[in-house]
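Trainee: What follows is each chain in one-letter form.
Protein chains: 2
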Amino acid sequence: MELLPPEQIAFQRLLDTIRRNFERFGFLPVETPVMELSEVLLTKSGGETERQVYFVQSTGALEKAQSSGGDALPELALRFDLTVPLARYVAEHEHELAFPFRRYQMQRVYRGERAQRGRFREFYQCDIDVIGKDSLSVRFDAEMPAAIHAVFSEMAIGKFTIQMNNRKLMRGFFEAQGVVDPERQALVLREVDKLDKRGEDHVRETLTGEAFGMPAAAVARILEFVKVRSDSHADAIARLDALDTADANPVLREGVAELREVLELVRALGVPEDHYALNFSIARGLDYYTGTVYETTLDAFPQIGSICSGGRYENLASHYTKSKLPGVGISIGLTRLFWQLRDAGVIDVADSTVQAMVALMEADGLADALDIARRLRAGGINTEVQMEPRKLGKQFQYASRAGIRFVVLAGEDERTRGVVAVKDLKREMQFEVAREELASTLRVELAQSQALEGR
Amino acid sequence: MELLPPEQIAFQRLLDTIRRNFERFGFLPVETPVMELSEVLLTKSGGETERQVYFVQSTGALEKAQSSGGDALPELALRFDLTVPLARYVAEHEHELAFPFRRYQMQRVYRGERAQRGRFREFYQCDIDVIGKDSLSVRFDAEMPAAIHAVFSEMAIGKFTIQMNNRKLMRGFFEAQGVVDPERQALVLREVDKLDKRGEDHVRETLTGEAFGMPAAAVARILEFVKVRSDSHADAIARLDALDTADANPVLREGVAELREVLELVRALGVPEDHYALNFSIARGLDYYTGTVYETTLDAFPQIGSICSGGRYENLASHYTKSKLPGVGISIGLTRLFWQLRDAGVIDVADSTVQAMVALMEADGLADALDIARRLRAGGINTEVQMEPRKLGKQFQYASRAGIRFVVLAGEDERTRGVVAVKDLKREMQFEVAREELASTLRVELAQSQALEGR
Chain C
706 MELLPPEQIA FQRLLDTIRR NFERFGFLPV ETPVMELSEV LLTKSGGETE RQVYFVQSTG
766 ALEKAQSSGG DALPELALRF DLTVPLARYV AEHEHELAFP FRRYQMQRVY RGERAQRGRF
826 REFYQCDIDV IGKDSLSVRF DAEMPAAIHA VFSEMAIGKF TIQMNNRKLM RGFFEAQGVV
886 DPERQALVLR EVDKLDKRGE DHVRETLTGE AFGMPAAAVA RILEFVKVRS DSHADAIARL
946 DALDTADANP VLREGVAELR EVLELVRALG VPEDHYALNF SIARGLDYYT GTVYETTLDA
1006 FPQIGSICSG GRYENLASHY TKSKLPGVGI SIGLTRLFWQ LRDAGVIDVA DSTVQAMVAL
1066 MEADGLADAL DIARRLRAGG INTEVQMEPR KLGKQFQYAS RAGIRFVVLA GEDERTRGVV
1126 AVKDLKREMQ FEVAREELAS TLRVELAQSQ ALEGR
Chain G
706 MELLPPEQIA FQRLLDTIRR NFERFGFLPV ETPVMELSEV LLTKSGGETE RQVYFVQSTG
766 ALEKAQSSGG DALPELALRF DLTVPLARYV AEHEHELAFP FRRYQMQRVY RGERAQRGRF
826 REFYQCDIDV IGKDSLSVRF DAEMPAAIHA VFSEMAIGKF TIQMNNRKLM RGFFEAQGVV
886 DPERQALVLR EVDKLDKRGE DHVRETLTGE AFGMPAAAVA RILEFVKVRS DSHADAIARL
946 DALDTADANP VLREGVAELR EVLELVRALG VPEDHYALNF SIARGLDYYT GTVYETTLDA
1006 FPQIGSICSG GRYENLASHY TKSKLPGVGI SIGLTRLFWQ LRDAGVIDVA DSTVQAMVAL
1066 MEADGLADAL DIARRLRAGG INTEVQMEPR KLGKQFQYAS RAGIRFVVLA GEDERTRGVV
1126 AVKDLKREMQ FEVAREELAS TLRVELAQSQ ALEGR
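Heads up: the protein sequence lines correspond to chains C and G, in order.
All the letters of the first sequence, read from the start, carry residue numbers 706 to 1160 under this note's numbering.
All the letters of the second sequence, read from the start, carry residue numbers 706 to 1160 under this note's numbering.
There may be inaccurate statements among the hints.
Heads up, the list lumps identical chains together, so a pair's fine if it works in one copy or across two of them.
Restricting the straight-line Cα-Cα distance to at most 30 Å, the calculated cross-link-like pairs of lysine-lysine (BS3-like) are [as the list claims (entries may be wrong)]:
id, residue 1, residue 2
1, 1099, 838
2, 838, 1096
3, 864, 1099
4, 1128, 1096
5, 1128, 838
6, 1131, 1096
7, 769, 932
8, 838, 1131
9, 1029, 1096
10, 1027, 1096
Just so you know, the hints here were simulated from the structure itself, not pulled from any lab data.
With these hints in hand, go ahead and build the complete structure from the sequences.
Mentor: This is the structure we're talking about:
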């Protein structure tokens, strides 16, 4: 995805909003190199990830590989997510970091997927994670929904719901239905995932049929279970209470207890209760997440799917250190989200970063125009100057097309009187202001508009 | 270069300062993909650049290349600067952009150099360029020093000087000394470049010796010329006037006229005259720049060399479009600069992005601590909460080490009275404040400190 400036400005505003809110929640910035050692990147990947990796070779390495005719893997590769680099980073700097370690990272990642609508080979991920040493209280799991809520509220992209589940709760429930083997659980979940597409009857037939041979009563309970969505905080707690019986599976009870604590703390953190809900169908990466899992959906655009997902994991970096590093995190795939929001008409690309343009009215007026620009810039107004004489109509046309709000003019008459004329293209009005008050006046106008637009 | 969070915060602040000032001068953001087609990247490179390129291959492409045993170049490569991607971008989007096109771009670039102290294989470049269509007034050349001045003034890294020269002026002067062939000019300049290292006598002997065979008078004039440094605006103009004689070479006169106009406009843009100077020894890339050239040095750290360089070029994208696209631009190599400033002790890494920490005083005090954090965050204060009970001493120790300024405490007593206690670790003082006024009070404290520190 390569953007023209108006859209790049809109994209940059989303990045800024995410960064501001990640920092608001006390996460610290980390950036890692785009290249990692291939052996680091591929340690925990299955075949699918390896197929998507981009390898990197300097000219020298390439020539050497070509002349030797060998089929060794290149030494370097581009990261395909921010989790593996985080694991390597934490393991490498373990003794220099304070735990729990709270980091945010907003960088591009690379996957050699077949390019298709809305899927990109190079895309931004915006991640937060909290990493504990040896242990990490489940309390931290409550900060993820609070941070997600802050980010998407400020983005103003419409009502969203943070959906939560817990892998222990799920595992316990499936065990209680006689599906004990984790791999078999995964297979059953894959069938259950087809509910929306194939319908309930199809899924029930498959699970009770030859391939799975499950009892009809267990299948019915599973189908009922995965349909659970809470519609309020009290409803969520009640649904957890209903599972938490004295004879319930102990893993299930642990999951229920965790989820209950997380829900209570999410409420204490001020997330409105119509913005979070239980959803017992959410599984996420089954081999990775071990506790709380999150997905976030836009109420008006369910077809977009999850716009922010994550969960709790037992051990971040077992490949790179002997320390046990449990953590919890979420990730926003911003490039894809931006593309989809733009498609849905939710992204506003009207305003430029340039707030004022100083017009050039006379051939010898440049020094004066530059002095006005200097005052504007010193006063915090992003300003462009028309450096070459053009017809005034052309200059206005340029400002209007570029989305620049204020055009500042100072001809002979204005100069004599120590004022400038300002044309506000947004409010379609014109006014005069003393030179000394120009920047502060425009600052007030911009602040008022921002306040009115709720930004 | 991979940084720990305190240094990453300092680095991010420099990036933010650069971005803010680039936008202040009306430049628009552009980001391009890190990978370009190899044929695009290598069109205009000499051998040296090609040796430094990193090639990229997906797993599929790698396997195909290995099985065919061919020595074709991989299709994709990592950008080694931001100029080639700009050329490709402008050519590709020529009909969607408004000219003069003012863009800034702050992204990482990749060079397969031998890793050594202060040289990195992956580093940030922060560029601005103005691109014209068919022509671009020399007036735009004056905006570069003004933007450089704004950036480095706000960075507060000490006094700097923007040094300027003009390739036409240089070319004309060398022609007047009988060095007409551009390649011979380059060779002479390379010798002159050794002045500092080898001394004037050595250079004079080389140029008058067998290899060059130049007349002693011409060599003397050249050695005098390249030593020119102006020490004020008036001095700079006077030195240009001295060159601008009726019988001067026409190319030299054109260069003098350009440089004079640029200097006058730089002054009109408010750059203090002790921050810019003529330096007739600056040449930069001889095959690329054709008019004004810039280098910027820190007065206290001349050994660092130029921290921001650039110049005027005749045609940006001749390889990718038939349109003539002249431009002017500058580039800051931020990774190297950061590394050097850190080495020189100029980078301050004291403050965290986290401004407040809510301590956890009682095992059951978490909901209250989270409520305080919610108020702080809503009031714009970056806040971390101690989620797990620890001794208060440990909590203070953590905040102090992490560079967090305010520790907020609310025990039984404070809760009853509707207040919180705040410990200001920076000013080493403690105060109480009503809960409702906590965020606004800290905002005022932070703003006061910023004002005091001139930030």
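Trainee: Should residue 1131 paired with residue 1096 be assigned to within, between, both, or neither, using CA atoms and 30 Å as the limit?
Mentor: Only inside one copy: residue 1131 and residue 1096 sit 21 Å apart there, 56 Å across copies, limit 30 Å.
Trainee: At 30 Å max between alpha carbons, let me know whether residue 1128 reaches residue 838 within a copy, between copies, both or neither.
Mentor: between (59 Å within a copy, 28 Å between copies)
Trainee: Checking residue 1099 and residue 838: alpha-carbon separation at most 30 Å within a copy, between copies, both or neither?
Mentor: For residue 1099 and residue 838, only the inter-copy Cα distance (16 Å) is at most 30 Å; the intra-copy one is 63 Å.
Trainee: Have a look at residue 864 and residue 1099 and pick one of within, between, both or neither, based on CA distance no larger than 30 Å.
Mentor: Neither: 42 Å inside a copy, 41 Å across copies.
Trainee: Indicate which option fits the pair residue 838, residue 1131 if close means a Cα-Cα distance not exceeding 30 Å: within, between, both or neither.
Mentor: For residue 838 and residue 1131, the Cα distance is within 30 Å only across copies (29 Å; inside one copy 54 Å).
Trainee: At most 30 Å between alpha carbons: which applies to residue 1027 and residue 1096, within, between, both or neither?
Mentor: So residue 1027 and residue 1096 pass the 30 Å test across copies only (28 Å; inside, 71 Å).
Trainee: At 30 Å max between alpha carbons, let me know whether residue 838 reaches residue 1096 within a copy, between copies, both or neither.
Mentor: Intra 67 Å, inter 18 Å, cutoff 30 Å: inter-copy only.
Trainee: Are the CA atoms of residue 769 and residue 932 at most 30 Å apart within a copy, between copies, both, or neither?
Mentor: Classified as neither: same-chain Cα gap 57 Å, cross-chain 46 Å, threshold 30 Å.
Trainee: As a check of your reading, is residue 1029 near residue 1096 (CA-CA no more than 30 Å) within one copy, between copies, both or neither?
Mentor: between (69 Å within a copy, 23 Å between copies)
Trainee: Within, between, both or neither: how does the pair residue 1128, residue 1096 come out at a Cα-Cα threshold of 30 Å?
Mentor: Intra 16 Å, inter 61 Å, cutoff 30 Å: intra-copy only.
Of the numbered hints stated above, those contradicted by the structure are hints 3 and 7, listed in ascending order.
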